[in-house]
Amino acid sequence: MSAFSLLRIAFKALFRNRMRTFLSVLGIVIGVAAVITMVAMGEGSKKSIREKMTSMGTNAMTISPNYQRRGGVQLGANESRETLEEADVVALKTARYINAISPMVSASGQAVVGNNNWPVQLSGISSDYLKIRNYEIESGVMFDDEIDKMSKVCVIGQTIVKNLFPNENPLGKVIRYKGIPLKVIGTLKSKGTGDFGQDQDEVIFAPYKTVMRRFNATTEIRTLYVNTIGEGYASLASEEILNILKERRNWNRPSDPFRVRSQEEMIEMVSSTSQILSLVLTAIAGISLFVGGIGIMNIMYVSVTERTREIGLRMALGARPRDILLQFLFESVLISLFGGVAGILLGVVASSVVRKILEWPMSISLTSMLVSFGVCFITGVFFGWYPARKASRLDPIEALRFE
Amino acid sequence: MGEEVVHALRGVSFDILPGEFVTIMGTSGSGKTTMLNILGCMDKPSGGEYILDGEHVEKLNGNELASIRNRKIGFVFQNYNLLSRTTALENVELPLLYNPKVSPKERRELALEALNLVGLSDRISHFPNQLSGGQQQRVAIARALAGNPCLILADEATGNLDTKTSYEIMSIFQELNAKGKTIVFVTHEPDIATFSSRTLLLRDGLLRKDSVNSNIQNARAAFESMPSIEMVHLEESI
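Chains as they are written, first to last, in this note's numbering: chain A, 227 to 629; chain B, 2 to 239.
The set of hints was computed from the structure by calculation and includes no laboratory data.
Treat the hints with care, since some could be wrong.
Here are the simulated DSS-like pairs of lysine-lysine, each with C-alpha atoms no more than 30 Å apart in a straight line [to be verified]:
1. B:LYS165 - A:LYS616
2. A:LYS435 - A:LYS273
3. A:LYS238 - A:LYS272
4. B:LYS102 - A:LYS238
5. A:LYS319 - A:LYS272
6. B:LYS60 - B:LYS45
7. B:LYS60 - A:LYS238
8. B:LYS60 - A:LYS616
9. A:LYS388 - A:LYS375
10. A:LYS272 - A:LYS415
11. B:LYS45 - B:LYS165
12. A:LYS435 - A:LYS409
13. B:LYS45 - A:LYS238
14. B:LYS102 - A:LYS616
15. B:LYS106 - B:LYS210
16. B:LYS210 - A:LYS616
17. B:LYS180 - B:LYS165
18. A:LYS357 - A:LYS399
19. A:LYS404 - A:LYS378
The calculated label-pair distances, taken between Cβ atoms and stated as ranges, are [claimed, not checked]:
20. B:LYS45 - A:ARG615: 31 to 37 Å
21. B:GLU190 - A:TYR527: 25 to 31 Å
22. B:GLY120 - A:ARG615: 55 to 61 Å
23. B:GLU107 - A:PHE241: 34 to 40 Å
24. B:PRO19 - A:ARG615: 38 to 44 Å
25. A:TYR527 - B:GLY181: 43 to 49 Å
26. A:ILE604 - B:ASP123: 31 to 37 Å
27. B:PRO191 - A:ILE604: 55 to 61 Å
28. A:TYR527 - B:ASN219: 38 to 44 Å
29. B:GLU190 - A:ILE604: 29 to 35 Å
30. A:GLU629 - B:SER133: 39 to 45 Å
31. B:LYS45 - A:ASN524: 46 to 52 Å
No residue lacks a Cβ here, since even glycine has one placed at the ideal position from N, Cα and C.
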């Protein structure tokens, strides 16, 4: 029997029981739509995390002392007490695998302008920091010579502009931070929310030497930000940095005095978390597809019983067991493929609804559609197999006599 | 413990030659149904042999039996066994679907030809529920003819029909037989047997009688001599 004839017979049989077909198709539709939507959610959040990470700068690395101190108590007995200092910054400028370097020191307090005040951390940086973190100047200028002069200037993000200077141009105005006046010489372009939900526009940047000397009264640098010369140079750069820092200190102990972390590592870490989340979501959706498959199996069993006489007749007229098997298999596969196509469409619609209403980043991939379609085909064959085999194994004499 | 073995047929031996019109008669329990299943290649004899058109049927496997049913036998059932919500033409095409040697175009032509032979050319797009019992059985006969089988096997083919329609159906069988078709007709009605050329009588699994019918009745004449339904109605009202 030709595939075309089988297809025609299957179509007719399904059309004859429209309501029943519709309901079993619906089971698959819901399953597939759920898979598509869940995968889109998982992929979307993964992608958006990646994008935000990239906007922070994939080539960024941080260097910090290899010890932890909490409340003045050092954690970990055998660790070094080395700290970073300005001379390290100078030394690292010779490194081949990095092209930007900026210390990061901070002070916390309130920024005050007239009657407005805003709690925000003051970050002490060098001009390279903008390049490393992908910040851009919107108006005014970035400080540079002002660093060595320890000038009392600052560059502010849009959130600060909005809250401290609601209706005026902040350039040239003065912010008082812990009682020290800082003149605004530039504003930053908006960057939006960061990877961990922090507002990246809620920043006040000042020359790091100003923050170290005038606010913190220390020469210790907590963290250094550097930028590698390109993607994939993270481990080379990390090795070079550690060598330079160790050389300066004549370091010969086995453990490293500093810890170098690349942005790539961070991306891996965060991605793997969201990977697990999307796996769980997809598994749950997969279960509903499985239930849809059971629905098909159920309806196919009913169909085989109902059409026992038809099967008997076809066999009497010369249908081989294989012909009967294929006839019913075609039906179940058609149901599941209808469900697959409709489910993909519904999934795409549901995804865009979720994107609109929940403002969740969705990423519908062609792969997930193709995989769903393939899974539907397999579902149809798998769940249609037993009913179809039952039909093909009927005895034509018994089947013809079936009431 | 085991199932009781019942020999539905014992030591039955006969030949049917091409072009014969044979009725197989017997009461229930005579082995008629078993005989029909074996002749129809639906079942294989547990002993002995059945040679159909030169083929040893008892040696064939399931797929070969299906194929021999498809090519060599045309079934006509008591309850027509037409597929519902399927047109007369498609019902007639059904056995040809399972013959890969027949192209879709040939299939249509053969089916139309068979329907023409039973006088239903004007009913090809009708569904079974739009046809009378006699017409449905004629579709079933057309279906049996479509594949040009060497044997037409009818199982109580007039059992669901009134006498007049029975005669009409028998006249079709007689016409087919006159054109050279071999027909085996299983029935328990003696008057049906008078239209055939030979009668086999089964009782308790044994062949009791094998008689040639010297006085074959003409079914067409019998059909035409019957009063039409309207006339009966008229006579009754007088």
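(message) Taking the earlier hints as the rules, which of them does this structure contradict?
(response) Result: hints 1, 2, 3, 5, 7, 11, 13, 15, 16, 20, 21, 22, 23, 26, 28, 29, 30, 31 break, sorted rising.
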